[in-house]
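Asks: Here is what each chain is made of, one letter per residue.
There are 2 protein chains.
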Amino acid sequence: MPINTAFKLKYDSITLPENILALKAQAIAARTAILKMTSLAGSGHPGGSLSTIDLLLSLYSVIEHDPRNPSKPDRDKIVISHGHVSPAAYTALSLNGYFELNQMISEFRLAGSIYEGHVEPCVPGIEWASGNLGQGLSAGCGFALANKIKGYDNHVYVLMGDGEQQKGQISEARRFASKFQLNNLTAFVDYNKLQISGTCDSVMPQDIKAEFLADKWQVLEIDGHDLLQILAAIKSSRNNAVPTLILAHTVMGKGISFMENDEKWHGQTLPYKAENGCDLVSALAELNQPDDFLHLQELRAKFTSGKCSLPHTTNPDLPVISGKHINYEQKTDNRSAWGNALVDIAEHNNTGEFLPLAVFDCDLAGSVKTAGFREKYPQNFFQSGIMEHHTVTCAGAFSQAGFQTFFSDFGVFGIDETYNQQRLNDINDTNLKIILTHVGIDVGEDGKTHQCVDYLGQVRNMFNFKCLIPADPNQTDHIIRWLAAKNGNYLVPMGRSKLDIIRTPEGDIFYGDDYVFEYGKADLLRDGDTAALFVMGTLTNKALKIAGLLKQQNINLQVWNVSTPQQINPEVVKQAAATGYIFTYEDHNVHTGLASCLQAELVNLQLAVKFKAFGVQNYPVSGNSDAVYQYCWLDPETVSSEIIDIIKG
Amino acid sequence: MPINTAFKLKYDSITLPENILALKAQAIAARTAILKMTSLAGSGHPGGSLSTIDLLLSLYSVIEHDPRNPSKPDRDKIVISHGHVSPAAYTALSLNGYFELNQMISEFRLAGSIYEGHVEPCVPGIEWASGNLGQGLSAGCGFALANKIKGYDNHVYVLMGDGEQQKGQISEARRFASKFQLNNLTAFVDYNKLQISGTCDSVMPQDIKAEFLADKWQVLEIDGHDLLQILAAIKSSRNNAVPTLILAHTVMGKGISFMENDEKWHGQTLPYKAENGCDLVSALAELNQPDDFLHLQELRAKFTSGKCSLPHTTNPDLPVISGKHINYEQKTDNRSAWGNALVDIAEHNNTGEFLPLAVFDCDLAGSVKTAGFREKYPQNFFQSGIMEHHTVTCAGAFSQAGFQTFFSDFGVFGIDETYNQQRLNDINDTNLKIILTHVGIDVGEDGKTHQCVDYLGQVRNMFNFKCLIPADPNQTDHIIRWLAAKNGNYLVPMGRSKLDIIRTPEGDIFYGDDYVFEYGKADLLRDGDTAALFVMGTLTNKALKIAGLLKQQNINLQVWNVSTPQQINPEVVKQAAATGYIFTYEDHNVHTGLASCLQAELVNLQLAVKFKAFGVQNYPVSGNSDAVYQYCWLDPETVSSEIIDIIKG
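From first to last, the protein sequence lines are chains L and H. Quick note on numbering: my numbering labels position 24 of the first sequence as 24, and the sequence is numbered without any gaps. Quick note on numbering: my numbering labels position 262 of the second sequence as 262, and the sequence is numbered without any gaps.
Isolated chain L, as found in the complex (with noise of 0.2 Å):
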């Protein structure tokens, strides 16, 4: 990739002296502002902000970037993953004219203002949302391959402090990055020296040099704070062909002299008038920038935040084209049929050029059943590794390339052990389809560090996130073909074993082709007046196998489907109640998932009716899935024996 013109005309005029002497200039501005801002506010990150800010204005000096369009689909972008550097973040892009100087200076902080504490998308010209430390090289590697599959000409830059290069998950990123030749991203250390609790050596010693060579990446190490320097190290990373570590030596505080090498100004602001001196007042002076201090507390005070209307952006569909459901009449497992829809979604969408999905996978493919889309369309199956951290956030940064991302991995892995990417992900709008195989107890034999009984529990903590929760392979291929051209994060839970087919009372296939899915409406599987059972996934069959048994003893039992638990409509569940007796049946902690969902509808109806909840209530143990079911009593015979003993007193 050889170093294209644009850069190389903006890259020539920036190191001209007169234009060097200006960088300079903006960045005595950039400090001035980044100290009255935390000051302003009273809080906030001066000391990493000035440490940063000389990196990041060499950058916007010499990248292909548009203030008026800061979307504009062939610019660079810059993933600050340090996010508490949001006063020299927001700083620079204001100096490089995404918005006004002052308003931002005034807002930083309040509540209402887009200004907010740590980086924030919402922000123009900010890319990735970030304050959780240690997933912006991760961003940065899904923006950067989402780039090198479209074959754009652009570079993605990730900017990081040198504390979180402690976090695991960035051993992960560098390793990614290698493997997909990633030569298109380059990042920054803000190698300052200084941690929270004092130098990174006595926190936590690490070779950063050696472990980014260790992962075959180029090394370049230079004064964070010469520009010359900076812009240098920047031009030779365009033009390699590994990713590129820029380490750059910088001073905490950098400017101030009272504020250098001092790991105390990393969350403490200066006082405007203080008598030991150390005081904005005397760092204003130092810059030899004038003290319009009380006039920016005015601007403060007049801003009036509302109250929170709780909008959540609901991107448009992706021009997907979802296909025609395959109808499944024999036993089979969800997995297959996820794996199936997909590769037929994939045959409907490739034009040839260009298939707008992607797959991202962590060494399971076989077993999640993605195989096939890998087979046959390997340039967009991504294979991550056991590194499941990075690969959540990763996906979620590529989601947002026009791509529809999909992730699939065992519930554990998917969920459980990625949760705060997930939640980062959420925050960041991304678009991206968690497919979990092998959830539940039904998991078997893998035992109980497998058997993810909580996914409903974790996507209900998180605000934007829905679940969609197969009953059978039919409505497995439903679900996924609904979901085909949907944007926004979504997860989709299976067990593991072959289901029978789930039927109507006459035998006919429930969720043939004539079905339609629909979020938030449950499906009656049997009708029923003597008590009503709510199910989900993977036990659907053994519920209709306890209606059977309770017919046996003159119970008709009312079934209902939940496949999105989240939305229950409530005639559903009045006509459930008007039975006298309610039950929910799940694979699922029985705390967290079918159950609560169902409480929260009964006490907002204000129904009282008999209930109880079948689900696990420990962690389960190892062995065949009929086995566990069974030993956790969660058995159509236990259950069905329960609810008779219920009803019957």
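Please keep in mind that the hints were generated in silico from the structure rather than gathered at the bench. Among the hints, a few may not be true.
If chains are identical, the list can't say which one is meant, so a pair holds when it fits in one copy or spans any two.
Simulated crosslink set (DSS-like; lysine-lysine; CA at most 27 Å straight-line) [said to hold, decoys possible]:
id : residue 1 : residue 2
1  : 498       : 273
2  : 466       : 612
3  : 193       : 216
4  : 264       : 331
5  : 193       : 376
6  : 486       : 376
7  : 521       : 612
8  : 574       : 612
9  : 498       : 264
10 : 376       : 264
11 : 331       : 209
12 : 610       : 302
13 : 574       : 610
14 : 551       : 612
15 : 545       : 331
16 : 610       : 521
17 : 150       : 8
Put chain H on the given structure of chain L with help from the hints.
Replies: This is chain H only, laid out in the frame that chain L set:
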């Protein structure tokens, strides 16, 4: 640390030619058992077990251990990180006298048997449950660190797979081991160069040796099937200044010609007889071992599984003196009360020679208020850097060594980022106290990435973890002292702000000297008969403000502080329901916290009342705590006005 005499005697003996021959014979018996048990179960992981078994047998031949007393305190410990090689682990234990071989073989992976699919500590000799990859080295660090602190001259061995080296947590553990000079720790990588999807090189290229060297480990490369080389490496690793990695080049499926170097056998078992000859019969013939498969099948058929009585082993409490309550009369933050209680408890328990307390920190001691403990007891304070995944696992393992172990961190890092590590700890019956500061939107300016509003939802997703939520500094002090001697896993979340002291209507301190914390007891802060409000944690003060505002409208609000929402006394719920209105008020996701706990109890009691939950409904914003509450409709004025609307229609 010179090699101890017991080890040297064993080493000198086992390396005699006749004893090496016996060890080789044992390895053949072990391979036979591994193949039989996996074929019998029809599931499990024979390939890796055959690759790792020579390492295990060599280890047991020289380490300090006693099959008649598997938990003797001065034993060497073996942690199996790649838990799927349970057939190798169980077989090695069995051949070393821990339990009867054929019984183990016949019960493998049967529901109700201790011989679970992935290694579990209910099996004598197994130190740590694994199965989710990448955590074992962290557990080994915890054990090794505890041995060092206690002055034990014992060694900890961690066996890992090669694929799992891709997990970032391992890089964190490597750094920790180096920092704390854990030369009593030796790690093995079973380097057969194959993982599920193919060669490690094709899945995710990695230079394992370079990575360990970058983190200052000693690396020994050996043939992992050459017993003398293995033994020599073990010996060498016991006499070294830094931790040692033994990179053992091995062969997947080693010992059976048709299984060697084929990744298919990672998770696939040999059929008894197959047309192509790739079967158990051929394998036994190659090993020159008799075929008693049918006999074993009969044994297996005789095993009867019960149903799960869902017991949870409660370990005895620790001999820790709780000390005397510190009474706070002035507004302060709960985190300071936690830090003060910690130091005070330490003072009561410090014998000068031994302090049965430990604190782990991830670079936030100043904010989470453990800095006071750090200053006074640096030898019991472990600075673990920004490496939360590692730290939770390491502290979990460490907590089993008789120390009351605290890990204090911000909410999002201490539970959201590390949920799966906590879950594995819970499965391992650890004894870890997670003290979270900076939970809720009370965190304020740091914004949504830092506002942990799901801590209770996360704890409810686990089975033996309890959440204790203090309302003010006085209750914080009581709760920390109550915890001081308790065994098990607890999470204590706190906000960031200074809080008023909660008082009775008469102005007396509510959580004063006479208060006794009791698990499951809710506290009636204000009596009233118009409506009832349940609150927890940071918002308790604001709930009292609401009661005051409502009083002006002649609404008498019953206010309950619930510090243990996972268990709410039914009598309390009845008393509240008798008012006709129940409200919940929480600085937490409204779907998964206090409201949800109460809804479960209301449904359970079949109580229909007017109910409204006030809580967090979307990712919050950045701003000062009170402004964010207001922005999210959770300030006392908004809530009381909504309550008035509901009650007065």
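Asks: If a hint holds in the structure, say so; if it does not, say that too.
Replies: Now for the hints, and whether the structure bears them out:
For the identical chains of this complex, residue 498 and residue 273 are inter-copy neighbours only, at 25 Å across copies versus 71 Å inside a copy, given an alpha-carbon limit of 27 Å. In this assembly of identical chains, residue 466 and residue 612 lie within 27 Å of each other by CA distance both inside one copy and across copies; the values are 25 Å within and 23 Å between. In this assembly of identical chains, residue 193 and residue 216 lie within 27 Å of each other by CA distance both inside one copy and across copies; the values are 23 Å within and 19 Å between. Taking the shortest Cα distances, residue 264 and residue 331 sit within 27 Å of each other only across copies (25 Å), while inside one copy they are farther apart (64 Å).
For the identical chains of this complex, residue 193 and residue 376 are inter-copy neighbours only, at 26 Å across copies versus 48 Å inside a copy, given an alpha-carbon limit of 27 Å. Taking the shortest Cα distances, residue 486 and residue 376 sit within 27 Å of each other inside one copy (23 Å), while across copies they are farther apart (56 Å). When the C-alpha separation of residue 521 and residue 612 is checked against a cutoff of 27 Å, the pair qualifies both within a copy, at 22 Å, and between copies, at 24 Å. In this assembly of identical chains, the alpha carbons of residue 574 and residue 612 lie at most 27 Å apart whether taken from the same copy (16 Å) or from different copies (19 Å).
Taking identical chains as interchangeable, the C-alpha atoms of residue 498 and residue 264 lie at most 27 Å apart only when they sit on different chains, with a minimum of 22 Å there against 59 Å within one chain. With identical chains, the CA atoms of residue 376 and residue 264 are at most 27 Å apart between copies only, with a shortest distance of 21 Å across copies and 55 Å within one. Taking the shortest alpha-carbon separations for residue 331 and residue 209, neither the intra-copy value of 54 Å nor the inter-copy value of 48 Å comes in at or below 27 Å. Taking CA atoms no more than 27 Å apart as the test, residue 610 paired with residue 302 passes in neither setting, with 55 Å inside one copy and 40 Å between copies.
For a Cα distance limit of 27 Å, the shortest separation of residue 574 from residue 610 qualifies both inside one copy, at 13 Å, and across copies, at 16 Å. Taking the closest pair of Cα atoms, residue 551 and residue 612 come within 27 Å of each other only inside a single copy of the chain (19 Å); across copies the shortest separation is 38 Å, beyond that limit. Taking the shortest Cα distances, residue 545 and residue 331 sit within 27 Å of each other inside one copy (15 Å), while across copies they are farther apart (60 Å). Proximity of residue 610 and residue 521 under a CA criterion of 27 Å is satisfied in both settings, with 24 Å inside one chain copy and 26 Å between copies.
Within a single copy, residue 150 and residue 8 get their C-alpha atoms as close as 23 Å, which meets the 27 Å cut-off; across copies the closest is 62 Å, which misses it.
In the structure shown, a violation is registered for the earlier hints numbered 11 and 12, in ascending order.
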